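Protein chains in written order, with this note's numbering: chain A, 88 to 339; chain G, 7 to 322; chain V, 10 to 425.
Fair warning: there could be bad hints in the mix.
[Claimed, not checked] Straight-line C-alpha distance at most 20 Å; calculated EDC-like pairs for lysine to aspartate or glutamate:
#1 V:LYS12 - A:ASP323
#2 A:LYS278 - A:ASP254
#3 G:LYS121 - G:ASP133
#4 A:LYS284 - A:ASP102
#5 A:LYS278 - A:GLU118
#6 A:LYS228 - V:ASP172
#7 A:LYS278 - A:GLU310
#8 G:LYS121 - V:GLU246
#9 V:LYS328 - A:GLU213
#10 A:LYS284 - A:ASP301
#11 G:LYS94 - V:GLU295
#12 A:LYS284 - A:GLU260
#13 V:LYS12 - A:ASP111
#14 A:LYS278 - A:ASP229
#15 A:LYS228 - A:GLU214
#16 A:LYS284 - A:GLU116
#17 A:LYS325 - A:GLU116
#18 A:LYS284 - A:ASP113
Honestly, the hints are just simulated from the structure, not real lab data. Since the model is a prediction, treat every value here as computed from it, not as a measurement.
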Amino acid sequence: MNSILSLTGVSKSFDATEIIRSVDLDIIEGERHAIIGPNGAGKSTLYNLITGRYSVSQGSIRLRGRELAGLQPFEINRLGLARSFQVTNIFSNLTVFENIRCALLWSMQYRYSFWHLVRKQKQLNEESEQVLQQIGLGARKDMLAGVLTYAEQRSLELGITIAGGADVILLDEPVAGMSHTEADQSVELIKRISEGKTLVVVEHDMGVVFNLADRISVLVYGEIIATGVPEEIRNDIKVQEAYLGSLDEQDA
Amino acid sequence: MVEIVIFSTLNGLVTGLLLFMLASGLTLIFSMMGILNFAHASFYMLGAYFAYSVSLFLGFWPGLIVAPLLVGVLGALVERYGLRYVHKSGHVAELVFTFGLAFFIEELVQFAWGKETKNYQQPEILDFPLFTLFGQNFPAYKGFMIFISIAIFIGLYQVITRTRIGLIIQAAISHPNAVSSLGHNVPLIFMGAFGVGTALAGVAGVIAGPVLTTFPGMALVLGSIVFVIVVVGGLGSLTGALIASLLIGLLQSYAIALEFAVNDLLALFDISFDADHFLNDLWTLSLPQIAPVLPYLLLVLILIFRPTGLLGKRET
Amino acid sequence: MAKVRGLLVWIASLAVLLLLPGLFDSVLSLSILNQMGITIIFALSYNMLLGQGGMLSFGHAVYFGLGGFMAVHSLNYIEAEVFSLPVILLPLIGGLFGLLFAVFIGSFSTRRAGTVFAMISLGIGEMIAACSLIFVGFFGGEEGISGDRTMAPEFFGFDFAQDLEVYYLIAGWVFVATLLMYLFSQTPAGRIANAVRDNPERAEFIGYSQRMVRFISFCGAGFFAGVAGGLFAINYEILTEENLNAITSGNVLLMTYIGGTGVFVGPIVGAVLLTLLQTVLSNYTELWQLYVGLLFVATVMFMPAGLTGVLMIHTVAWKNGRLRQLILPYITVGVPAFVLLCAIVGLLEMLQFYRHGVVGEHEMTLFFVSVDTSSVWPWIVTLLIAATAGYLVKALTPRLLSAWASANAPLERAKT
């Protein structure tokens, strides 16, 4: 039980409204952890707190024991934590290949270099190709990212997220808006790319959640009401009352 | 000393209120549409030129009504057939468009009216000293400028706080995206806002033309200053724009009137330098000299330290 | 293959730069070429901000002007034998001075992009321009500062007294600066600048500080603007307030935008075209600035990608091998459009002549035809031509659009 990302007593208020209320959460190294909860429960806010987009009002967030509060998003990313976005967030005027290559630059120590020519960096280009193959966009490499289909853009979003080699990956509704077949392919892709890494995923689709997750946390009104393996969550009375019951009916 | 203070204050008030008339239109446009209209001062210039042409045939007073109307219609047409197409490409494209428009209008004015200064005169009826203080006259026309500006501020304030349209405007200022969901015809509102905003600039042009001279460079003179005011006052805040206008107006008129130089200050500490010292320009720096720099210094400082401006709630 | 082609392009450009004076050897054309070269570097440096970094600046002339002033001062120092430097290295001094100011100003102005950046650049630009009338020692007040390039030590026997020598100096710098700016765009800092332009937030989540990325582009742009300023100092031997004020800043925005911000050569096209308009067209008509304004507004409205952008959107049709399908529709719309344009220009010129021409003169030459503006006939004829051409353009445009659509349709769909 080696916790890699741990939240203790994390709260966040906007003006007078408390969106996140004293959340405690431990993500164990190497696990696939799903966070579920009804709309407006604060899942995206939680992500934004972890990744430094918002500042926490109270509490502490630690990545491998290192406090993240007060760090900028890019500093947190450099510590090995990457995220994807619910609304596709790519570089739409760059080619698909360029999107991935940019995502690799920092992790390959290029920093702000203006004395390397990217075209000549063999390893950089090879690794970019590899990521492209991995996410199945090899044939699209020279197209502008903005003209890809929705499912392709979601794959690219995933590719940008994992390219930098971060070992903690936060995905925000990776299969939202996809058809069943697309979603199934996407889940396979997520399983493949998260091999050997720690994965946190926010998702509405319960099929995907129970297929993917080793453990599940349930967030309702800014509070974690339960954490456990899928079976526990399925049978948890509090969860059923608050949330799952209605969804199970939908599933059936 | 007292006379300098009084006249500087009055002149500052005249300039400040004139700037406010321009800034109020710009603020209106920005609040509603999120566009910083670079060509705003160009519409002000058009107001002056239209009024000049009207005054040749009908005299000053009809121009006060006709010119702003013409400018407003022109503004609405520019929104309808120009800005609207650029809108989808984002704010930077809009800024570039209005910049191009400013350039174009200046050329158009030179084409239509020529490069020389126009003899646009204040009405004879206002050509008398309103009062005389310490042997100096205060022209009635400047009093008239103050009156018109205040009347416009009160009028706008009433419209915004008391009417249905005002409610929509307020909603648009605080929640720019929500208005369309209320079922209002947003393109029409935008066209109207742009028309009214430019018409206000037109009014400013009509009454400023006789005092600040009507020439093709008059837009350039005020163009950037108006930006300073809306940014400093807080984008989207009418009261902020009023305060910032008066601030800039007074700042400039005082700075021009007070002949302090850096070496006066240094003299207080018994420090003096030779005139051929290589930093001589720095020691002889005087308030009238730095007056033109101050507004822009203020702009940059505000943008760095308080991007919402003095009273604004939204960032630029 | 692509590598060889890239190299060939650079070699060809170098050859063109070397051969141009052979084709245009008059004093006038040499001075136009010199101005063009300076403007090309300036516009390319501006595009490091606007096109590659997504920063709209209204005050880029500051770095151009400051670099230029420093270079002129250096000329005078060289003449006074304070230090010695060949003229050919003077642009480097301009560049370093531009860089110095860019480091200082960029340290706070690049924190944000978009409107805030634009407004700060405007404020700084106005401030420096106003300062130039205050600090007479450095800026020389209204008269500016002048120098003499021939007083510098000779460089391999060249004293740069001749325009042709200055041309080769400028051409050399144009080549080097363009190459360096192109190479910059191919480095990690240059690539990530594009990413920050597209989506600053996402760039932060792949490890880059958007502020730092913008700052680096900003410094680069300041440096090359300073180099251009230094070349200006060598070529004209004088700098005034005009070289760093809002008008110069506006001009560089204008030409970069018209040329196209999305393609590396866009600003070069813009700089060449605008310099030609400024120097050649201004000989033929007083209204040239009005036409430039019209061109700019039309560009922003109808082809926001600029002239080179319009060419670039043909690559799909070209790759599809269907570019030929567009030739006929282009001609059928292009000819009446050109006639319409000429008719409008004719009307404007006649109006200008009628309103502002010499009193008592009615005869003017318009497109090699002598026209009597006091008669109604030329007006009616021109209006009729304009109306007919306008109607034809309007009637034929749908055909062009459908030809465009079919030329750009994906190949598979077209086959079935």
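Evaluation of the provided hints:
| no. | hint | in the structure |
| --- | --- | --- |
| 1 | V:LYS12 - A:ASP323 | 63 Å, violated |
| 2 | A:LYS278 - A:ASP254 | 14 Å, holds |
| 3 | G:LYS121 - G:ASP133 | 27 Å, violated |
| 4 | A:LYS284 - A:ASP102 | 37 Å, violated |
| 5 | A:LYS278 - A:GLU118 | 11 Å, holds |
| 6 | A:LYS228 - V:ASP172 | 49 Å, violated |
| 7 | A:LYS278 - A:GLU310 | 28 Å, violated |
| 8 | G:LYS121 - V:GLU246 | 30 Å, violated |
| 9 | V:LYS328 - A:GLU213 | 26 Å, violated |
| 10 | A:LYS284 - A:ASP301 | 13 Å, holds |
| 11 | G:LYS94 - V:GLU295 | 35 Å, violated |
| 12 | A:LYS284 - A:GLU260 | 18 Å, holds |
| 13 | V:LYS12 - A:ASP111 | 55 Å, violated |
| 14 | A:LYS278 - A:ASP229 | 26 Å, violated |
| 15 | A:LYS228 - A:GLU214 | 13 Å, holds |
| 16 | A:LYS284 - A:GLU116 | 8 Å, holds |
| 17 | A:LYS325 - A:GLU116 | 27 Å, violated |
| 18 | A:LYS284 - A:ASP113 | 15 Å, holds |
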